[in-house]
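Engineer: Residue-level listing of the chains:
Number of protein chains: 2
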Amino acid sequence: MTRQRDVILQALADEEAFRSAQELYADLRTAGTPIGLATIYRALQTLADTGDVDVLRTESGEALYRRCGTRHHHHLICRSCGKTVEVAADAVEQWAHAVAKRHGFRDPAHTVEVFGLCRDCPDA
Amino acid sequence: MTRQRDVILQALADEEAFRSAQELYADLRTAGTPIGLATIYRALQTLADTGDVDVLRTESGEALYRRCGTRHHHHLICRSCGKTVEVAADAVEQWAHAVAKRHGFRDPAHTVEVFGLCRDCPDA
DNA sequence: CAGGGATTGAGAACCGTTATCACTATCGGC
DNA sequence: GCCGATAGTGATAACGGTTCTCAATCCCTG
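From first to last, the protein sequence lines are chains B and U. Numbering of the first sequence is given in our numbering, commencing with residue 1 and proceeding in unit increments. Numbering of the second sequence is given in our numbering, commencing with residue 1 and proceeding in unit increments.
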C-alpha cells in the first residue's frame with residue numbers, strides 16, 4: 001500500500017541501474033528518510049511479485065532491483081556502471097520456445113541478460 | 001589436484017542435473033565418503049574457474065554446479081526434476097552481439113537459460 | 001474517539017558461503 | 001626409507017545477505 005513503499009518506488013524511479021536492497025537502505029537513510037531494512041526487503045518482494053520491479057541475481061548471489069516496463073523484455077547492462085537498457089528480443093523468445101519443444105519440454109520460460117561496457121565507461 | 005577432488009568430479013560425472021554444494025556434501029557423506037564441506041566449496045570453485053563445471057544461480061541465490069561440455073552452450077532445464085540438456089544457440093549469440101553493438105556497448109557477454117517441464121515430469 | 005487489522009522496524013535468527021588455522025598427505029631430494 | 005617443504009584438508013568460526021519475530025505504531029472504520 002503506502003508511505004515507505006512510495007519512498008522506495010520513488011528511489012527506484014529515479015534510477016537507471018539495478019540497485020541492491022542494502023544500497024537503497026543506505027541511500028534513503030543518508031538522505032534523511034527514516035526506514036527499516038526489513039521494510040525495504042518486504043516492499044521489494046511485493047513489488048517483484050506484482051511485476052512492478054524486475055529482480056536480477058548478481059554473480060555473488062545478491063539480489064538487485066529495478067523499476068521496469070511491464071511488458072516482456074530483457075536487459076542490456078553495463079558491467080561497470082550498471083547502466084541498463086531494456087531490449088526486446090522476439091527472435092530469442094521464438095528460439096527458446098522451439099528449443100523447449102524440440103526436446104519435449106513444455107511450459108517454457110527463459111532468462112536472458114546481456115552484459116557489456118557502455119560508451120561512457122573506460123576499459124579498466 | 002587430487003583425491004577428494006576426484007571424488008567430487010566423479011559425483012558430478014554421474015549426474016545430469018545441477019547440484020548444490022550442500023547436496024553433494026550430504027550425498028557423499030551418506031555414501032560413506034568422508035569429506036569436508038569446505039573442501040567441496042573449494043573444489044567446485046576451482047573447477048568452475050577452469051571451466052570444468054558450469055555454475056548457475058537459483059532464484060533464491062544458491063549456487064548449483066554441473067559437469068558440462070567445454071565449448072560454449074546454454075541450458076534447457078526441467079524446473080521440476082532438474083534434468084538438463086545442453087543446447088547450442090548461434091542465433092542468440094549473434095543477437096546478443098548485435099544488441100550490444102546497436103546500443104554502443106562493447107565486449108559483450110550474455111547469460112541464457114531456458115526452463116520448462118520435461119517429458120517425464122507431471123504438471124503439479 | 002475507540003477498536004482492530006495492517007505495517008513498521010530493531011534486532012535476532014537463518015543459511016549459504018568463505019576464511020582461519022592446525023593437522024595431514026604428498027613429493028623431491030638426500 | 002627419511003626429511004623437509006609445499007599444498008590440501010576439514011572442523012569451526014566468521015561473514016553477508018535475507019528473512020523472521022514481535023512489540024510499537026499507523027490508519028481506517030464505525
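Treat the hints loosely; a few may be bogus.
Each pair may be met inside one copy or between any two copies, as identical chains are not told apart.
[Unchecked claim] Straight-line alpha carbon distances no greater than 20 Å define the calculated DMTMM-like cross-link-like pairs of lysine to aspartate or glutamate that follow: (1) K101 - D27; (2) K101 - D123; (3) K101 - E15; (4) K83 - E62; (5) K83 - D6.
Simulated from the structure, these hints should not be mistaken for lab results.
Engineer: Hints first: check each against the structure and report whether it holds.
Structural biologist: Consistency of the hints with the structure:
no.: 1; hint: K101 - D27; in the structure: neither (46 Å within a copy, 33 Å between copies)
no.: 2; hint: K101 - D123; in the structure: between (41 Å within a copy, 16 Å between copies)
no.: 3; hint: K101 - E15; in the structure: neither (38 Å within a copy, 23 Å between copies)
no.: 4; hint: K83 - E62; in the structure: within (17 Å within a copy, 26 Å between copies)
no.: 5; hint: K83 - D6; in the structure: neither (23 Å within a copy, 42 Å between copies)
The structure fails to meet hints 1, 3 and 5 from the earlier list, while all remaining hints are met.
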